[in-house]
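Protein sequence lines correspond, in order, to chains P and L. The first sequence begins at 1 in the UniProt record's numbering and counts up by one. The second sequence begins at 1 in the UniProt record's numbering and counts up by one.
Wrong hints could be hidden among the right ones.
Identical chains share a label here; the pair holds if one copy fits it or two copies do between them.
[Said to hold, decoys possible] Calculated cross-link-like contacts (lysine to aspartate or glutamate; reagent style DMTMM-like; alpha-carbon spacing at most 25 Å):
(1) Lys201 - Glu23
(2) Lys179 - Glu136
(3) Lys74 - Glu205
(4) Lys76 - Glu186
(5) Lys112 - Glu208
(6) Lys165 - Asp104
(7) Lys73 - Glu12
(8) Lys76 - Glu5
If you're looking for bench data, these hints aren't it; they were derived computationally from the structure. In this text, all values refer to a predicted model and were calculated from it rather than measured experimentally.
Take a look at the letters that make up each chain.
Number of protein chains: 2
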Amino acid sequence: MELSERQNKIIEIVRANQPITGEDIAQRLSLTRATLRPDLSILTMSGLLDARPRVGYFYVDKGVSNLTGEHIKKLKVADVKSMPIVISEGQSVYDGIVTLFLEDVGTIYVVKDGYLSGVVSRKDLLKNAMGKNDLEAIPIDVVMTRLSHIIYVEEHTSVYEAMAKIINYQVDSLPVVKKVITDGKELLEVVGRFSKTNIAKLFLEMAEGK
Amino acid sequence: MELSERQNKIIEIVRANQPITGEDIAQRLSLTRATLRPDLSILTMSGLLDARPRVGYFYVDKGVSNLTGEHIKKLKVADVKSMPIVISEGQSVYDGIVTLFLEDVGTIYVVKDGYLSGVVSRKDLLKNAMGKNDLEAIPIDVVMTRLSHIIYVEEHTSVYEAMAKIINYQVDSLPVVKKVITDGKELLEVVGRFSKTNIAKLFLEMAEGK
Numbered sequence: 001m002e003l004s005e006r007q008n009k010i011i012e013i014v015r016a017n018q019p020i021t022g023e024d025i026a027q028r029l030s031l032t033r034a035t036l037r038p039d040l041s042i043l044t045m046s047g048l049l050d051a052r053p054r055v056g057y058f059y060v061d062k063g064v065s066n067l068t069g070e071h072i073k074k075l076k077v078a079d080v081k082s083m084p085i086v087i088s089e090g091q092s093v094y095d096g097i098v099t100l101f102l103e104d105v106g107t108i109y110v111v112k113d114g115y116l117s118g119v120v121s122r123k124d125l126l127k128n129a130m131g132k133n134d135l136e137a138i139p140i141d142v143v144m145t146r147l148s149h150i151i152y153v154e155e156h157t158s159v160y161e162a163m164a165k166i167i168n169y170q171v172d173s174l175p176v177v178k179k180v181i182t183d184g185k186e187l188l189e190v191v192g193r194f195s196k197t198n199i200a201k202l203f204l205e206m207a208e209g210k
Numbered sequence: 001m002e003l004s005e006r007q008n009k010i011i012e013i014v015r016a017n018q019p020i021t022g023e024d025i026a027q028r029l030s031l032t033r034a035t036l037r038p039d040l041s042i043l044t045m046s047g048l049l050d051a052r053p054r055v056g057y058f059y060v061d062k063g064v065s066n067l068t069g070e071h072i073k074k075l076k077v078a079d080v081k082s083m084p085i086v087i088s089e090g091q092s093v094y095d096g097i098v099t100l101f102l103e104d105v106g107t108i109y110v111v112k113d114g115y116l117s118g119v120v121s122r123k124d125l126l127k128n129a130m131g132k133n134d135l136e137a138i139p140i141d142v143v144m145t146r147l148s149h150i151i152y153v154e155e156h157t158s159v160y161e162a163m164a165k166i167i168n169y170q171v172d173s174l175p176v177v178k179k180v181i182t183d184g185k186e187l188l189e190v191v192g193r194f195s196k197t198n199i200a201k202l203f204l205e206m207a208e209g210k
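Pulled out of the complex, with its shape left as it was, chain P reads as follows (with noise of 0.2 Å):
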């Protein structure tokens, strides 16, 4: 929203003098308060400035953080989510490794007949990369967090959702997954990956106007 001359002009005196009322407002600026009446209902709309009834104007700024947080709560994980890279339970560290670079990834999905089972960080590698193991000899099963305590999003959820949960339980990525029901049992199906590399794209990109 480009705000005209006028109206940042209103908003520098409001935030210099609230509560202030319109007839205050007018009265600096030289005008009458019918002239300026679009100008402050537009300012009040957008959500600018907050008028209180025989208060007067308050400035409030919920411009940015309103418009933004609708946005990305109607804006759902599948509409920016990437492919998931997953490998099985039983192929070794070694194999995750060298997945995690040929991937160019910060996370791996492990998988167990087609459904999820564990996540593995590069921080997960590096400690067992430490221990001067035999890579190749150890299943990547022995290293991944297990499914009990992993943090996953659908489709459907909101990226506002996502970003929290993110932030929240300070993980890079989450999987991305479809939920199957199968002789009564709960599976999960890899579908994508939601990380911070997509927060910070789908940032950019709503600030480039995209």
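Go by the hints and put chain L onto chain P.
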């Protein structure tokens, strides 16, 4: 910006029928052109609709992008940066890995005589840890990315530019430096760290209206 029910209806009509004249929109809503005028000005001024003379209204939706873009072009790296985690040249790869786990970061900066000389990522460490080397015997400066290849930002760099660098150069974080001229030589003092985590946190805070 929260739209009224009528404004949302106008946007729906424009999206489905663009370009469409104000007269046509009014007819579809069984309202007069005069009643619609304030709504149409607000939608045009907020960047959601574009009006071309003798053609009609178009749907634009630059609202979110413009505001987000303006905001992070004004915000400086200094406003959101984290503390840098540094080790000194001469310390070992083992020290580097320990520091990385203790401080729970993805990248550490290497300094020589107090000034930036290199950057070491989890991947650099992992690559070396795999080789079954004696990690305590390898100096960190052997595995680091050297100064001439380091992408950095300064405190006054905009968050927008810093984000673009992270995406374009495919790195997880950037050192924040202060340039110091000593004996006609430019040296870089490390004063912070700007990472994908900072970006994700900022995005979430903006969305939450903080």
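Cross-check of the supplied hints:
Proximity of lysine 201 and glutamate 23 under a CA criterion of 25 Å is satisfied in neither setting, with 45 Å inside one chain copy and 40 Å between copies. Taking the shortest alpha-carbon separations for lysine 179 and glutamate 136, neither the intra-copy value of 32 Å nor the inter-copy value of 46 Å comes in at or below 25 Å. In this homomeric assembly, lysine 74 and glutamate 205 come within 25 Å of each other (Cα to Cα) both inside a single copy, at 16 Å, and across copies, at 17 Å. Only within a single protomer do lysine 76 and glutamate 186 lie at most 25 Å apart by alpha-carbon distance; the minimum there is 22 Å, versus 46 Å between protomers.
In this assembly of identical chains, the alpha carbons of lysine 112 and glutamate 208 never lie at most 25 Å apart, being 41 Å within a copy and 38 Å across copies at closest. Within a single copy, lysine 165 and aspartate 104 get their C-alpha atoms as close as 23 Å, and across copies as close as 18 Å, so both meet the 25 Å cut-off. In this homomeric assembly, lysine 73 and glutamate 12 come within 25 Å of each other (Cα to Cα) only across copies, at 20 Å, whereas the closest approach inside a single copy is 31 Å. Taking the shortest Cα distances, lysine 76 and glutamate 5 sit within 25 Å of each other only across copies (24 Å), while inside one copy they are farther apart (37 Å).
Hints 1, 2, 5 from the list above are not met by this structure, while the remaining hints are.
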